[in-house]
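**Q** This is what each chain is made of:
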Amino acid sequence: AQSVTQPDIHITVSEGASLELRCNYSYGATPYLFWYVQSPGQGLQLLLKYFSGDTLVQGIKGFEAEFKRSQSSFNLRKPSVHWSDAAEYFCAVGASQAGTALIFGKGTTLSVSS
Amino acid sequence: GAVVSQHPSRVICKSGTSVKIECRSLDFQATTMFWYRQFPKQSLMLMATSNEGSKATYEQGVEKDKFLINHASLTLSTLTVTSAHPEDSSFYICSARDGRVGSYNEQFFGPGTRLTVL
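From first to last, the protein sequence lines stand for chains U and Y. Residue 111 in the numbering used here sits at position 111 of the first sequence, and the numbers go up by one each step. Residue 102 in the numbering used here sits at position 102 of the second sequence, and the numbers go up by one each step.
Honestly, I wouldn't trust all of these hints.
[Claimed, not checked] Pairs of lysine-lysine residues, derived as DSS-like cross-links and limited to a Cα-Cα distance of at most 27 Å, are as follows: (1) Y:64 x Y:14; (2) U:106 x Y:14; (3) U:49 x Y:64; (4) U:106 x Y:64.
[Unchecked claim] What follows is a set of in silico ranges between Cβ atoms, one per label pair, in the way DEER data are often shown: (5) U:40 x Y:86: 19 to 27 Å; (6) Y:65 x U:68: 40 to 48 Å; (7) Y:22 x U:14: 12 to 20 Å; (8) U:40 x Y:85: 19 to 27 Å; (9) Y:76 x U:84: 42 to 50 Å; (10) U:11 x Y:18: 38 to 46 Å; (11) U:5 x Y:116: 26 to 34 Å; (12) Y:3 x U:41: 13 to 21 Å.
These are calculated hints, taken from the structure and not from any lab test. Think of the CB as a built atom: it goes at the ideal place given N, C-alpha and C, for glycine as much as any other residue.
Chain U extracted, bound-state conformation:
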């Protein structure tokens, strides 16, 4: 079955500390992988995406993610977290085929302490 697992429901990080949000997927075809961020009451903002090529992808706001096929993982990282990074983070997987929707993980809530 196709699925996305985000093992951590809630993470608290000190401002300035590094961050890693975990994402594991199960997908039958070649996966296209995404990370989105959502602030309360807002829509989704794309942080970064992986389609092919270099397995380390850079995104906006200083985020990066690494695709590891052998581990079926696509973890999101940031070297130094800012208070404004506090939000809900969703990992999603999709296919290259036209007309297929994304499958989302349950999300990880990030809190930033001062």
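With chain U held as given, fit chain Y onto it using these hints.
**A** Chain Y in isolation, oriented as in the chain U frame:
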């Protein structure tokens, strides 16, 4: 980048009324649009896939007669919640697929519509 808008952003209605939510791709043609529903503190659940000029494909458990979807043009899809009840209160988000060649099936999300049924 591609922009998707939703209207209205927030709606409050009485139980039994119908509510229409519009999803528009502003600067690209969207052959496919998707409608998701998000409950508080939860993830996005796909409700239906909407293809321009054809009937929507609904996910299992989603009532097609309650959630009417129309994709009349390459830039507009509408979701109508008919005879809304309090349990339909939720955050509805649409996404649109950029149909251009080489777009890798990338989807762009609207800002969402908060529906509250009293």
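**Q** Run every hint past the structure and note whether it holds.
**A** Verification of the supplied hints:
no.: 1; hint: Y:64 x Y:14; verdict: 21 Å, holds
no.: 2; hint: U:106 x Y:14; verdict: 30 Å, violated
no.: 3; hint: U:49 x Y:64; verdict: 32 Å, violated
no.: 4; hint: U:106 x Y:64; verdict: 25 Å, holds
no.: 5; hint: U:40 x Y:86: 19 to 27 Å; verdict: 21 Å, holds
no.: 6; hint: Y:65 x U:68: 40 to 48 Å; verdict: 44 Å, holds
no.: 7; hint: Y:22 x U:14: 12 to 20 Å; verdict: 42 Å, violated
no.: 8; hint: U:40 x Y:85: 19 to 27 Å; verdict: 25 Å, holds
no.: 9; hint: Y:76 x U:84: 42 to 50 Å; verdict: 34 Å, violated
no.: 10; hint: U:11 x Y:18: 38 to 46 Å; verdict: 41 Å, holds
no.: 11; hint: U:5 x Y:116: 26 to 34 Å; verdict: 31 Å, holds
no.: 12; hint: Y:3 x U:41: 13 to 21 Å; verdict: 19 Å, holds
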